[in-house]
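Peer 1: Protein chains in written order, with the working numbering: chain A, 1 to 304; chain B, 1 to 246.
Among these hints, one or two may not hold up.
What the hints assert, rightly or not - Distance condition first, Cα-Cα at most 35 Å in a straight line; then the derived DSBU-like pairs of lysine-lysine:
id: 1; chain 1: A; residue 1: 296; chain 2: A; residue 2: 237
id: 2; chain 1: B; residue 1: 64; chain 2: A; residue 2: 237
id: 3; chain 1: A; residue 1: 104; chain 2: A; residue 2: 189
id: 4; chain 1: A; residue 1: 252; chain 2: A; residue 2: 237
id: 5; chain 1: A; residue 1: 104; chain 2: B; residue 2: 64
id: 6; chain 1: A; residue 1: 189; chain 2: B; residue 2: 163
id: 7; chain 1: A; residue 1: 252; chain 2: A; residue 2: 296
id: 8; chain 1: A; residue 1: 252; chain 2: A; residue 2: 104
id: 9; chain 1: A; residue 1: 237; chain 2: A; residue 2: 248
id: 10; chain 1: B; residue 1: 156; chain 2: A; residue 2: 265
id: 11; chain 1: B; residue 1: 34; chain 2: B; residue 2: 64
id: 12; chain 1: A; residue 1: 248; chain 2: A; residue 2: 265
id: 13; chain 1: A; residue 1: 252; chain 2: B; residue 2: 34
id: 14; chain 1: A; residue 1: 189; chain 2: A; residue 2: 265
id: 15; chain 1: B; residue 1: 163; chain 2: A; residue 2: 296
id: 16; chain 1: B; residue 1: 64; chain 2: A; residue 2: 252
id: 17; chain 1: A; residue 1: 237; chain 2: A; residue 2: 189
id: 18; chain 1: A; residue 1: 265; chain 2: A; residue 2: 252
id: 19; chain 1: A; residue 1: 296; chain 2: A; residue 2: 189
id: 20; chain 1: B; residue 1: 165; chain 2: A; residue 2: 248
id: 21; chain 1: B; residue 1: 34; chain 2: A; residue 2: 248
id: 22; chain 1: A; residue 1: 248; chain 2: A; residue 2: 104
id: 23; chain 1: A; residue 1: 265; chain 2: A; residue 2: 296
id: 24; chain 1: A; residue 1: 296; chain 2: A; residue 2: 248
id: 25; chain 1: A; residue 1: 189; chain 2: B; residue 2: 156
id: 26; chain 1: A; residue 1: 189; chain 2: B; residue 2: 165
id: 27; chain 1: A; residue 1: 237; chain 2: A; residue 2: 104
Keep in mind the hints are simulated off the structure, nothing from the lab.
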Amino acid sequence: MTALAANDVSLSWYEASARQRIDALVDAGSFAEFIGPEMREISPHLAIFDLPEQFDDGIVIGRGRLDGSPVLVAAQEGRFMGGAFGEVHGAKLTGILRAARALKQDMVILFDTGGVRLQEANAGELAIAEIMRAVVEARRAGVNVVGLIGGRAGCYGGGSLIAGTCSRLIISEQGRLSVSGPEVIETNKGIEEFDSRDRALVWRTMGGKHRYLFGGADIFVDDEVLAFRQAAIDALKVRRRWDPAVLKAEQKRLERRLQRFGEAKDAVEIWQTLGLDAPTEIPALPTDAFLRAAGKRENADDAR
Amino acid sequence: MTRDEILASLFPNSSEIDVTGAMIAGQATLPDGKPIHVLGITQGQNLGVDEAIVLAGHVIEIIKSEDTSPILVLVDSASQRMSRRDELLGLSEYLSHLAKALLLAEAEGHRTVGLLYGGSAAGAFIATALATGTLVALPDAHPAVMDLPSMARVTKLPIEVLKAKAEATPVFAPGLDNMVRTGGIHIVWDETAPLASQLAAVLARPAGQDDRARLGAERGGRLKAAEIADRVVALATASHQGAQHG
Numbered sequence: 001m002t003a004l005a006a007n008d009v010s011l012s013w014y015e016a017s018a019r020q021r022i023d024a025l026v027d028a029g030s031f032a033e034f035i036g037p038e039m040r041e042i043s044p045h046l047a048i049f050d051l052p053e054q055f056d057d058g059i060v061i062g063r064g065r066l067d068g069s070p071v072l073v074a075a076q077e078g079r080f081m082g083g084a085f086g087e088v089h090g091a092k093l094t095g096i097l098r099a100a101r102a103l104k105q106d107m108v109i110l111f112d113t114g115g116v117r118l119q120e121a122n123a124g125e126l127a128i129a130e131i132m133r134a135v136v137e138a139r140r141a142g143v144n145v146v147g148l149i150g151g152r153a154g155c156y157g158g159g160s161l162i163a164g165t166c167s168r169l170i171i172s173e174q175g176r177l178s179v180s181g182p183e184v185i186e187t188n189k190g191i192e193e194f195d196s197r198d199r200a201l202v203w204r205t206m207g208g209k210h211r212y213l214f215g216g217a218d219i220f221v222d223d224e225v226l227a228f229r230q231a232a233i234d235a236l237k238v239r240r241r242w243d244p245a246v247l248k249a250e251q252k253r254l255e256r257r258l259q260r261f262g263e264a265k266d267a268v269e270i271w272q273t274l275g276l277d278a279p280t281e282i283p284a285l286p287t288d289a290f291l292r293a294a295g296k297r298e299n300a301d302d303a304r
Numbered sequence: 001m002t003r004d005e006i007l008a009s010l011f012p013n014s015s016e017i018d019v020t021g022a023m024i025a026g027q028a029t030l031p032d033g034k035p036i037h038v039l040g041i042t043q044g045q046n047l048g049v050d051e052a053i054v055l056a057g058h059v060i061e062i063i064k065s066e067d068t069s070p071i072l073v074l075v076d077s078a079s080q081r082m083s084r085r086d087e088l089l090g091l092s093e094y095l096s097h098l099a100k101a102l103l104l105a106e107a108e109g110h111r112t113v114g115l116l117y118g119g120s121a122a123g124a125f126i127a128t129a130l131a132t133g134t135l136v137a138l139p140d141a142h143p144a145v146m147d148l149p150s151m152a153r154v155t156k157l158p159i160e161v162l163k164a165k166a167e168a169t170p171v172f173a174p175g176l177d178n179m180v181r182t183g184g185i186h187i188v189w190d191e192t193a194p195l196a197s198q199l200a201a202v203l204a205r206p207a208g209q210d211d212r213a214r215l216g217a218e219r220g221g222r223l224k225a226a227e228i229a230d231r232v233v234a235l236a237t238a239s240h241q242g243a244q245h246g
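In isolation and in its complexed conformation, chain B is listed as follows (with noise of 0.2 Å):
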């Protein structure tokens, strides 16, 4: 689907979103009446210190605004700019700030749902996508790391046996299934039906804890994550009760 009409599939009453260049902000109508804010990366467009200021800005106002009103995050992106500029001028930190704006959107009460549309790859799909409540993806999704070729130079095997490799596991090459078996992604909806209501139902989901690892290991992707989380949590517990008793 492009852009457009998964904007019309979602919002089919109204939407009100303004388009510059690669990036989009604006706002639309839910079914129910209520407005939801959108905004987005798009054209498989690099991610880079300009990009991620705009981005950044727009959920910062959200935020200021005081309202509670969810937030959409379109992603179609490729990874983060590799240039000198943009890491003479510091991209980790406009990435993490980037990233950290959502998620304290989400904090302060706003649902936030990124929903990969294309590409994403590496810091930019740390920074954007991964960095909303609730990741849904559509069927074309294609997220990665690192790409197979890519992967082969720096690991030093061959492509035909990396791909021999991945059939084995989904905890290393690239692709939306994979990313769905370790729990990256919530969901992936159905491009037939359409989306407003698919988007009505992630919205209907209390926010919680992050639940990526427990999808992850539910799904045999991720096998020990969420348990080894979990383990140094009791332990440190254990072990603070113990110094603060002992």
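Pulled out of the complex, with its shape left as it was, chain A reads as follows (with noise of 0.2 Å):
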């Protein structure tokens, strides 16, 4: 098997587990795992809550080769707590992070989080500014650091911070990318703020499509493992600079989506001010429809 073997195993990025993406992104049988689940590196602290363990305590990292470059690789278990970050979890990826950072090796991550894990909650959450320390730093020497957000639990809380430093995001309609969850601010606000059972209020808030049509992701792609694998490849051709011009676009880019839409009520009015033609029918277009009726979205080229 060359290292440029197609892929062509079809399976939906939403259902498919960490293992099975990997597999699906990177080229054929060129996947070898860091601290695999043989290692057992379980979690230290769930034990304390009668929480059952996972052997990779939910994430996966390790080397492949991406249409025969080299990437680093790390992908979350949406299934395993959530996909949380916890001490162990959120360590491997720090490591491979820093890993990147001295061999200069681009790096994709596939989020599928719902947060910091309450069980452990304070190492969860320096693992998160660790992560994104790492990520910049990466960055700053010259590595990409591509997010793939298309998980079954989404991209929350301090994993939508760690995406945000990333180079380049790549979104499916099914993949959220918010801080607070929908059931967090209805807990904290209340209902009339946001109704977490309104799925559609939840789609169009959060979902791929509103994130890719203002900027918040770069790359929208089908729910498709083959759709996430090319476009990562499409992603990683560009080198992505970080410097104080980029941050200084951005603090620009972010100021004028403030300005253009901070008035806004719902998705659908910041659709329509876009210039989008029938902003309504937006959730429902197909992949192929609804990316030429984003032709006037806003992207976050030289501003990430």
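Hints are included, so try docking the two chains, each in its own frame, into the full complex.
Peer 2: Below you can see the structure in the form of structure tokens.
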């Protein structure tokens, strides 16, 4: 089998496990895991709460090849503790990001997380801070860090802040990117503020289409492992800088967003202001039609 | 200590700090006569898109100015603002942007020191205090990821059970001591002594690597993080060399 062997397995990214996603993402047979489940590096904290551990603590890290080029990979498993960041889980991601910087090798992060794992909240919170610092230090050294968002658990809490440090974000319609989840907003601010059972509201406020339309994500793909693979290959072709000029451009981009859309009450109003035809139809559009309709979207090309 | 008492103890010589609601920004003079930038979110304010963009704007102005003066970030906040509007507008990007600005400032030669003197929680804590190069605290500080009653709701455990478990480990319960033991806070200052000299001592330390996981291991609050991260770097490096020569 060559490093360029075609990956031909068709699979929903949303439905797939972390290991299935990695297998479909990188060149066939190229993945080598670091600290795999055989090492039994489990969370030392879940037993305090009588909760079951998992041998990989819900994250798979390693190296592989993507269209022939070496790449480092981390994939969160949303089915274990909602993909949440605990001490070991977070340290594995911090470590591989530091390796990306040291080896000058590009990195892809497959997000699938509800945020910090509450049973080890302080360790998880600090892990998020350490990971964000490791991402920006890798990017400053010239490494691309690409985030993929389309998993069952979405990309919430601290995970969404890490995503914001990536050089490029690839998202599917099913990918939700948000700090506070719908239930958290409803619990804290009441159902008048956010009705978490209104799924249409959740998707158009936090879902992949909305994030893509105003530059919160860069590439929109079908819920398909091979679509994510191709988008990751494309995203890694362009070397992305990270320096004061990029940060200044992001400041302007985010200021402009508040000026343009700061008074909007709903995503549909934002899509209308963007000048999209038939904004109310956006949630129902299949990918091809959506991408055609999204011509007037805002982008974050040199401002992320 | 109140914000004004803190500023007076830090900068007995002079300071010129604008207060706009809960947000502060300005410059002060250190005892050795050198300038320091001062920013902050105070009064237990929530950090939302509007606050984050203002703070990030100040940091970017400082980076552009091409001096290399240090930046002190005062923090007494609540959590990130939990609202439909903030999430609709992409709050995660705004919080990340603020954190990135602080991290870039440190990388560009400005020492960044966070001073946690009140509350801070969750995404607001990550985007401000935890994005500085060195985080210090005053004894009244009370950082949290989530308060115990909310945690009881989510974990479906009675609060008494959570309190009992919190006695045995610093890893999950809110509070300053736990954040110190897990390595998130470098040092807790003595509020009965002048803060100016304590700040000078922090600024005298050379800027360096992220040492929070190592501190957490030394203090017994986070035993695995540093070792795991180091081991991954070693494995990836060895594997890389193997791939190149194999």
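Peer 1: With reference to the structure, classify each hint as holding or not holding.
Peer 2: Evaluated hints:
This hinted pair checks out: residue 296 of chain A and residue 237 of chain A have alpha carbons roughly 24 Å apart, not beyond 35 Å. Taking the CA atoms of residue 64 of chain B and residue 237 of chain A, the gap is near 30 Å; set against the 35 Å cutoff, the hint holds. The hinted pair formed by residue 104 of chain A and residue 189 of chain A fails the criterion: a straight-line CA distance of about 45 Å is larger than 35 Å. Between residue 252 of chain A and residue 237 of chain A the CA atoms are separated by roughly 26 Å; this keeps the pair inside 35 Å, and the hint holds.
Simply put, residue 104 of chain A and residue 64 of chain B have alpha-carbon atoms about 27 Å apart, close enough for the 35 Å limit, and the pair holds. Under the criterion of a C-alpha separation no larger than 35 Å, the hint pairing residue 189 of chain A with residue 163 of chain B is consistent with the structure, at around 26 Å. Simply put, residue 252 of chain A and residue 296 of chain A have alpha-carbon atoms about 18 Å apart, close enough for the 35 Å limit, and the pair holds. About 29 Å separates the Cα atoms of residue 252 of chain A and residue 104 of chain A, which keeps this hinted pair within 35 Å; it holds.
With a C-alpha separation of about 24 Å, the suggested pairing of residue 237 of chain A with residue 248 of chain A holds against the 35 Å cut-off. As the CA atoms of residue 156 of chain B and residue 265 of chain A are separated by approximately 34 Å, the hinted pair is consistent with the 35 Å bound. As the CA atoms of residue 34 of chain B and residue 64 of chain B are separated by approximately 19 Å, the hinted pair is consistent with the 35 Å bound. Simply put, residue 248 of chain A and residue 265 of chain A have alpha-carbon atoms about 28 Å apart, close enough for the 35 Å limit, and the pair holds.
Proposed proximity of residue 252 of chain A and residue 34 of chain B is supported: the alpha carbons are some 31 Å apart, at most 35 Å. For a cut-off of 35 Å, the pair hint linking residue 189 of chain A to residue 265 of chain A stands: about 16 Å separates their Cα positions. The straight-line distance between the Cα atoms of residue 163 of chain B and residue 296 of chain A is roughly 53 Å, outside the 35 Å bound, and the hint therefore fails. Only pairs whose Cα atoms come within 35 Å are accepted, and residue 64 of chain B paired with residue 252 of chain A is accepted, the gap being roughly 14 Å.
Simply put, residue 237 of chain A and residue 189 of chain A have alpha-carbon atoms about 43 Å apart, too far for the 35 Å limit, and the pair is violated. Under the criterion of a C-alpha separation no larger than 35 Å, the hint pairing residue 265 of chain A with residue 252 of chain A is consistent with the structure, at around 22 Å. For the hint pairing residue 296 of chain A with residue 189 of chain A, the CA-to-CA distance comes to about 34 Å; that is within 35 Å, so the pair holds. For the suggested pair residue 165 of chain B and residue 248 of chain A, the alpha carbons sit about 46 Å apart, so the restraint of at most 35 Å is broken.
A threshold of 35 Å between alpha carbons decides the hint, and for residue 34 of chain B with residue 248 of chain A the separation of about 26 Å falls inside it, so the pair holds. Among the hinted pairs, residue 248 of chain A with residue 104 of chain A is consistent with the structure: their alpha-carbon atoms are about 25 Å apart, no more than 35 Å. Only pairs whose Cα atoms come within 35 Å are accepted, and residue 265 of chain A paired with residue 296 of chain A is accepted, the gap being roughly 20 Å. Under the criterion of a C-alpha separation no larger than 35 Å, the hint pairing residue 296 of chain A with residue 248 of chain A is consistent with the structure, at around 23 Å.
A distance of roughly 20 Å separates the Cα atoms of residue 189 of chain A and residue 156 of chain B; the hinted pair therefore holds under the 35 Å criterion. For a cut-off of 35 Å, the pair hint linking residue 189 of chain A to residue 165 of chain B stands: about 29 Å separates their Cα positions. A C-alpha spacing of about 15 Å is found between residue 237 of chain A and residue 104 of chain A, which places the hinted pair at or below 35 Å, so the restraint holds.
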